[in-house]
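So the chains spell out like this:
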Amino acid sequence: MIKKKAQYKRFTRSKIGNITYFTILILAGAFMLLPLVYCIVTAFKPLDELLIFPPRFYVKRPTFKNFLVIPSLLSNLNVPISRYLFNTLLITAASTTLSILAGSMAAFVFSKSHLKSRNLLFTVVQVMLLYNVVTLAVPQYLIFSKTHMIDTYWVYILPAIPSAVNCFLMKQFLDGSVPDALLEAARIDGAGVVTMYWKIVMPILKPAWMTVLLFSFQSMWSTVPGGTIFSEKLKTLPYVMSSVAAGGIARSGSAMAITVILLIPPVVVFLVTQSNVMETMSSSGIK
Amino acid sequence: MQLPKMFKEKDGIYKKEDKVFAILLLPFMVTFFFFSILPILSSMGLSLFDYDMVSSPIFIGVDNYIRMFTADAVFLKTIGTTLKFAIIAGPLGYIFAFLLAWMINDFGPIVRIILTFIFFVPSLSTNALYIWQIMFSSDSYGYINSFLISFGFINEPIQWFQNTDYNMLLILLVQLWMSMGICFLANIAGLQNVNVELYEAGAIDGVRTRWHELWYITLPSMKNILLFSAVMQIQSVFSVSTLITTLVGYPSVDNSVDTIVSYISDVGTTRYEMGYACSLSVILFMIILFIRYIVGVVLKIVGKNE
Chain A
1 MIKKKAQYKR FTRSKIGNIT YFTILILAGA FMLLPLVYCI VTAFKPLDEL
51 LIFPPRFYVK RPTFKNFLVI PSLLSNLNVP ISRYLFNTLL ITAASTTLSI
101 LAGSMAAFVF SKSHLKSRNL LFTVVQVMLL YNVVTLAVPQ YLIFSKTHMI
151 DTYWVYILPA IPSAVNCFLM KQFLDGSVPD ALLEAARIDG AGVVTMYWKI
201 VMPILKPAWM TVLLFSFQSM WSTVPGGTIF SEKLKTLPYV MSSVAAGGIA
251 RSGSAMAITV ILLIPPVVVF LVTQSNVMET MSSSGIK
Chain B
1 MQLPKMFKEK DGIYKKEDKV FAILLLPFMV TFFFFSILPI LSSMGLSLFD
51 YDMVSSPIFI GVDNYIRMFT ADAVFLKTIG TTLKFAIIAG PLGYIFAFLL
101 AWMINDFGPI VRIILTFIFF VPSLSTNALY IWQIMFSSDS YGYINSFLIS
151 FGFINEPIQW FQNTDYNMLL ILLVQLWMSM GICFLANIAG LQNVNVELYE
201 AGAIDGVRTR WHELWYITLP SMKNILLFSA VMQIQSVFSV STLITTLVGY
251 PSVDNSVDTI VSYISDVGTT RYEMGYACSL SVILFMIILF IRYIVGVVLK
301 IVGKNE
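Respectively, the protein sequence lines represent chains A and B. The first sequence runs 1 to 287 under the working numbering. The second sequence runs 1 to 306 under the working numbering.
Be careful, since some hints might not be right.
To be verified - Sample of chain A residues lacking proximity to chain B, with all beta carbon distances greater than 10 Å (derived):
1. Ile19
2. Phe64
3. Phe67
4. Pro71
5. Leu90
6. Ile200
Said to hold, decoys possible - If we take Cβ atoms under 7 Å as the criterion, some of the chain A residues that face chain B in the derived model are:
7. Val109
8. Gly227
9. Ser252
10. Leu262
What the hints assert, rightly or not - Derived DSSO-like pairs (lysine-lysine); straight-line CA-CA distance at most 30 Å:
11. Lys15/A / Lys304/B
12. Lys84/B / Lys19/B
13. Lys15/B / Lys116/A
14. Lys235/A / Lys146/A
15. Lys116/A / Lys19/B
16. Lys304/B / Lys287/A
17. Lys15/B / Lys199/A
18. Lys116/A / Lys223/B
19. Lys16/B / Lys199/A
20. Lys287/A / Lys300/B
21. Lys206/A / Lys116/A
22. Lys304/B / Lys116/A
23. Lys287/A / Lys206/A
24. Lys287/A / Lys15/B
25. Lys199/A / Lys116/A
26. Lys199/A / Lys300/B
27. Lys19/B / Lys287/A
28. Lys206/A / Lys19/B
29. Lys15/B / Lys206/A
30. Lys287/A / Lys116/A
31. Lys304/B / Lys206/A
32. Lys16/B / Lys206/A
33. Lys223/B / Lys287/A
If you're looking for bench data, these hints aren't it; they were derived computationally from the structure. Ideal Cβ positions, reconstructed from N, Cα and C, are used throughout, including at glycine.
All chains should be modelled from the sequences, with the hints used to inform the complete structure.
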């Protein structure tokens with residue numbers, strides 16, 4: 001979908017323009033990259049190098065020890081670490097899958113159905129792009145409380161399903177990628193709505209739901225329980241990891257090691273979905 | 001004669017399909033209603049009540065609204081902080097995201113992907129916050145503190161996140177660091193999709209500098225994306241709370257950096273003053289909607305001749 005850049009002569013920058021351009025780019029790059037580099041370097045520092053004053057921005061004798069001691073740092077918990085990992089994996093998988101399914105079905109209806117109310121409903125969805133789970137947390141708390149969902153997995157999973165941005169991105173992509181004629185042809189062949197959705201729309205929509213997968217995964221993976229979870233058994237991996245980060249200088253190596261570990265899965269998901277994301281985001285405009 | 005019949009048949013098919021479409025819409029709409037619409041409607045209703053979640057709500061009219069503006073210094077402070085934060089971090093992050101995308105766009109595909117990746121990584125996981133916590137940790141081993149001490153700028157370690165002179169600035173910095181997310185990606189994709197023929201036509205029509213090109217061609221042709229990323233930016237700056245509660249804690253010294261979202265959650269889920277929390281939420285919803293309107297108006301100016 002992304003068009004190749006034509007090889008025509010662009011205006012060249014002046015010399016000063018060039019210097020400014022690269023200065024800004026290098027400064028911005030350093031600002032974005034240095035904290036991550038520091039994090040990775042610290043994660044591989046042995047204890048004596050962690051305690052060197054002043055701290056160094058490089059590591060002389062890299063070690064995996066900070067990673068290896070993580071289990072023992074977390075061993076005095078009442079709940080085994082595997083349970084936290086399980087919780088995070090469960091809520092991430094469940095809400096990502098359900099959000100993709102519900103959102104893509106709705107996107108299909110908003111884009112291609114003849115329901116009279118679809119435009120009105122989609123306008124409401126567009127307005128809700130402004131309000132995320134954080135903004136709505138307290139009013140949602142009321143609903144959880146009235147429906148006795150407090151302290152269950154549902155408080156993580158259910159509010160993440162009707163994500164306005166997920167539905168929006170898939171609808172905009174669908175508008176531009178599935179021609180009505182294609183569905184008309186399917187109708188003539190006797191295909192029902194469900195067949196059209198599953199056999200035609202979903203395969204074409206793949207870049208969009210891969211993108212939604214990235215955004216859902218990214219937000220659910222770093223979910224920490226708010227005021228709606230009390231049981232230790234239902235808390236998440238980032239929550240328990242944050243207790244290590246609070247452990248002071250001697251533990252800073254392990255805290256950074258944990259940060260590195262927690263960053264790897266979303267990075268992998270991004271690298272896998274990267275080209276799809278670019279394809280989808282180009283149709284993300286609000287008309 | 002053939003045509004009307006065909007239309008009728010089509011209408012028949014559509015009617016049949018409508019039912020199935022309605023069913024497909026159901027899972028999204030039901031959850032959407034319960035977790036997005038109902039929270040907003042119920043806050044509007046409950047904002048007129050005194051409600052502690054145990055006894056039944058007592059109708060008190062607009063007392064909650066009067067209270068927040070006349071008798072609640074913390075509200076005034078937190079809403080002030082939120083607006084200040086939004087007005088600085090919002091446009092700053094938005095422009096930074098566009099500027100970087102625009103600069104990156106000049107490179108070939110491979111360099112572009114690498115740079116995109118570098119800028120996008122910090123926003124991938126909120127856990128990355130801990131990096132800043134450790135870099136700016138308050139003892140002299142904190143990277144920044146020891147750096148400043150060893151060069152003689154300071155003698156005593158600074159408690160960065162507790163010090164009201166620095167904490168807002170630091171939080172803005174961290175927010176900026178983490179804000180190259182969805183807007184940034186949308187901008188990159190949008191820039192890639194600007195029709196190159198427009199640039200060629202522009203060059204013939206007298207566009208002479210890159211700034212002209214940006215203002216008259218690039219920005220207008222990605223207006224929709226600009227609006228989308230503006231909406232996403234508004235959503236993210238007004239919902240900032242985890243960032244601050246993680247780095248600074250809640251409440252901060254003098255409520256210096258507490259945002260309205262943290263305050264609402266304190267009033268609602270810690271003190272159980274649900275009616276009041278709902279009225280605060282309603283104000284927040286209205287402010288967000290208002291800002292969205294203003295941004296829509298401002299973006300209309302883009303690409304216009306003065």
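- Task: Quickly compare the C-alpha distance for Lys287/A and Lys15/B to 30 Å and report which way the hint goes.
- Result: holds, 28 Å
- Between Lys287/A and Lys206/A, does the CA-CA distance stay at or below 30 Å? holds, 22 Å
- Message: Using the nearest Cβ pair, does Val109/A come within less than 7 Å of chain B?
- Response: holds, 4 Å
- With a cut-off of 30 Å on the C-alpha distance, tell me whether Lys16/B and Lys199/A pass. The hint holds at about 19 Å.
- Task: With a cut-off of 30 Å on the C-alpha distance, tell me whether Lys116/A and Lys223/B pass.
- Result: holds, 28 Å
- Item | Check on Leu90/A being off the interface with chain B, judged by Cβ distance over 10 Å | holds, 18 Å
- Query: Under the criterion that the straight-line Cα-Cα distance not exceed 30 Å, is the pair Lys206/A, Lys19/B satisfied?
  - Reply: Satisfied, since the Cα-Cα distance of roughly 25 Å is no more than 30 Å.
- Beyond 10 Å from each Cβ of chain B, as asserted for Pro71/A: holds, 18 Å
- Query: When you check the alpha-carbon spacing of Lys287/A and Lys116/A, does it fall within 30 Å?
  - Reply: Given pair Lys287/A, Lys116/A holds - Cα atoms ~20 Å apart, limit 30 Å.
- Query: Is Lys15/A close enough to Lys304/B, meaning Cα to Cα at most 30 Å?
  - Reply: Satisfied, since the Cα-Cα distance of roughly 29 Å is no more than 30 Å.
- Exclusion check [Phe64/A not at the chain B interface, CB over 10 Å]: Its Cβ never comes within 10 Å of chain B, the nearest being 19 Å, so this holds.
- Message: Run the distance test for Lys287/A versus Lys300/B: straight-line Cα separation, threshold 30 Å.
- Response: holds, 12 Å
When held up to the earlier numbered hints, the structure conflicts with 12, 22, 26, 31 and fits the remainder.
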